[in-house]
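Asker: Okay, here's what each chain looks like letter by letter:
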Amino acid sequence: MKFSNLCGIFATLFVTTTMVLLASCSQDDDNYDSDMYTLAEMGTRLGGGGDPGGGTNPYPSKSEISNNPDVLAKMLKVWNQTIASAEAGVRCEFGFYIKYNQGVYTFGDVFSGEPAGHNEHAHITLPGTNDPAVCAVFHTHTSLINCDSTMERNVGPSRIDYRSNHASLMPCFVYDYQSGPIMGGQAPDSPGALYSYGQERRVVYSNN
Amino acid sequence: MKSVFLSVLLAVCCISSYAQSQDLSTMKPAKRDTYLIKLAKEVVKNFGPDYYQKDLESSIFPTVKVYNSNDKRSSIQKNVGRRYYVVTLEDKHSDKSSEVLIWEDNGEPAAIHFSHSLGRNFYFRSYKQWIKEGVKDDEKAYYDPNADG
Chain A
1 MKFSNLCGIF ATLFVTTTMV LLASCSQDDD NYDSDMYTLA EMGTRLGGGG
51 DPGGGTNPYP SKSEISNNPD VLAKMLKVWN QTIASAEAGV RCEFGFYIKY
101 NQGVYTFGDV FSGEPAGHNE HAHITLPGTN DPAVCAVFHT HTSLINCDST
151 MERNVGPSRI DYRSNHASLM PCFVYDYQSG PIMGGQAPDS PGALYSYGQE
201 RRVVYSNN
Chain B
1 MKSVFLSVLL AVCCISSYAQ SQDLSTMKPA KRDTYLIKLA KEVVKNFGPD
51 YYQKDLESSI FPTVKVYNSN DKRSSIQKNV GRRYYVVTLE DKHSDKSSEV
101 LIWEDNGEPA AIHFSHSLGR NFYFRSYKQW IKEGVKDDEK AYYDPNADG
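These protein sequence lines map, in sequence, to chains A and B. Here this note's numbering is used: the first residue of the first sequence is 1, the next is one more, and so on. Here this note's numbering is used: the first residue of the second sequence is 1, the next is one more, and so on.
These are calculated hints, taken from the structure and not from any lab test. Because the structure is a prediction, the values reported are computed rather than measured. Treat the hints loosely; a few may be bogus.
[What the hints assert, rightly or not] Covered stretches of chain A (in silico footprint by chain B; criterion: 3 or more residues with CB under 8 Å from a CB of chain B, positions within the stretch not fixed): (1) 140 to 152; (2) 159 to 166; (3) 177 to 188.
[Unchecked claim] Chain A is faced by these chain B residues, among others (derived, beta-carbon under 10 Å): (4) K28; (5) D33; (6) Y35; (7) Y52; (8) T63; (9) V64; (10) D71; (11) H93; (12) L118; (13) N121; (14) E133; (15) D138; (16) A141.
From the three backbone atoms N, C-alpha and C, an ideal C-beta is built for every residue, glycine too.
The whole structure should be built from the sequences, with the hints applied where relevant.
Answerer: Encoded structure:
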């Protein structure tokens with residue numbers, strides 16, 4: 001093989017490797033992928049086994065959590081509470097911690113954010129916790145049923161959700177409308193959907 | 001009389017926005033991109049002054065999107081099928097960001113969303129009309145550094 005051919009092969013390999021590395025870094029930096037399950041899909045997912053993997057990490061994965069019927073039922077109940085509250089004129093987000101211990105899921109108290117005015121952004125900040133049983137965090141986004149028609153919101157996790165401390169530590173779930181953007185005065189019966197973001201499993205540090 | 005006419009002309013110029021009716025599909029890419037970024041910054045300044053800075057980092061989504069919505073209201077449905085650009089403006093020093101949707105066929109803003117996803121659309125009230133009538137303080141988005149999603 002000629003020396004120039006060898007140089008060509010090495011150059012190609014170098015460029016390809018660099019491109020692959022750059023692409024993977026870019027994905028890590030953005031980390032904006034969100035999995036969405038519609039209610040219909042969730043129905044078929046009920047009772048699913050999930051991935052038992054995770055090595056020495058004792059916490060369940062996103063799919064293990066979202067496949068659990070008790071967890072799903074709790075999320076749906078709080079989503080319905082969010083919609084009912086908005087329809088009654090109190091637009092606020094709700095949220096809670098999901099806990100896991102030896103195959104059993106339990107839930108922290110349900111908190112609500114400050115009621116938002118017609119033109120205001122609704123948000124919720126859950127109180128901090130050191131509870132080692134916490135495996136994930138859940139919150140809802142609000143409806144714009146009683147808002148001005150010029151108000152508009154993208155659905156699913158917001159940029160602020162993606163960049164939250166919770167997202168860097170554990171799986172996060174948000175219940176929101178299935179398709180968007182949604183606008184003020186929307187039909188109240190628009191279907192909802194569960195979105196996930198954040199870590200695949202709760203991060204375990206060496207001092208845990 | 002002449003001074004009255006000049007005053008009226010000046011007033012009209014002052015309240016007019018950068019948004020002009022023009023077909024962006026016929027514009028040269030460099031000129032179009034300059035227009036999109038300048039208009040997007042103007043929309044942010046008007047509807048989310050907290051999110052505006054002179055050195056905002058701007059990017060334009062590489063493909064033109066096609067508008068679709070399940071909302072059955074006529075003011076929304078009349079836009080289905082229209083093409084639009086998405087301009088993202090980010091503050092390098094914080095988590096503030098905005099995205100402005102701009103129609104391709106007339107170069108006017110369609111909507112704006114801020115980092116927390118909430119924003120305004122211009123389907124029921126055009127951007128130009130809104131600017132002409134004035135944006136009230138409670139119609140603007142404000143940044144809350146402590147707000148989670």
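Asker: Hints first: check each against the structure and report whether it holds.
Answerer: Results for each hint:
{"no.": "1", "hint": "140 to 152", "verdict": "holds (count 5)"}
{"no.": "2", "hint": "159 to 166", "verdict": "holds (count 6)"}
{"no.": "3", "hint": "177 to 188", "verdict": "holds (count 7)"}
{"no.": "4", "hint": "K28", "verdict": "violated (29 Å)"}
{"no.": "5", "hint": "D33", "verdict": "violated (22 Å)"}
{"no.": "6", "hint": "Y35", "verdict": "violated (23 Å)"}
{"no.": "7", "hint": "Y52", "verdict": "violated (17 Å)"}
{"no.": "8", "hint": "T63", "verdict": "violated (17 Å)"}
{"no.": "9", "hint": "V64", "verdict": "violated (17 Å)"}
{"no.": "10", "hint": "D71", "verdict": "holds (6 Å)"}
{"no.": "11", "hint": "H93", "verdict": "violated (14 Å)"}
{"no.": "12", "hint": "L118", "verdict": "holds (5 Å)"}
{"no.": "13", "hint": "N121", "verdict": "holds (4 Å)"}
{"no.": "14", "hint": "E133", "verdict": "violated (12 Å)"}
{"no.": "15", "hint": "D138", "verdict": "holds (5 Å)"}
{"no.": "16", "hint": "A141", "verdict": "holds (7 Å)"}
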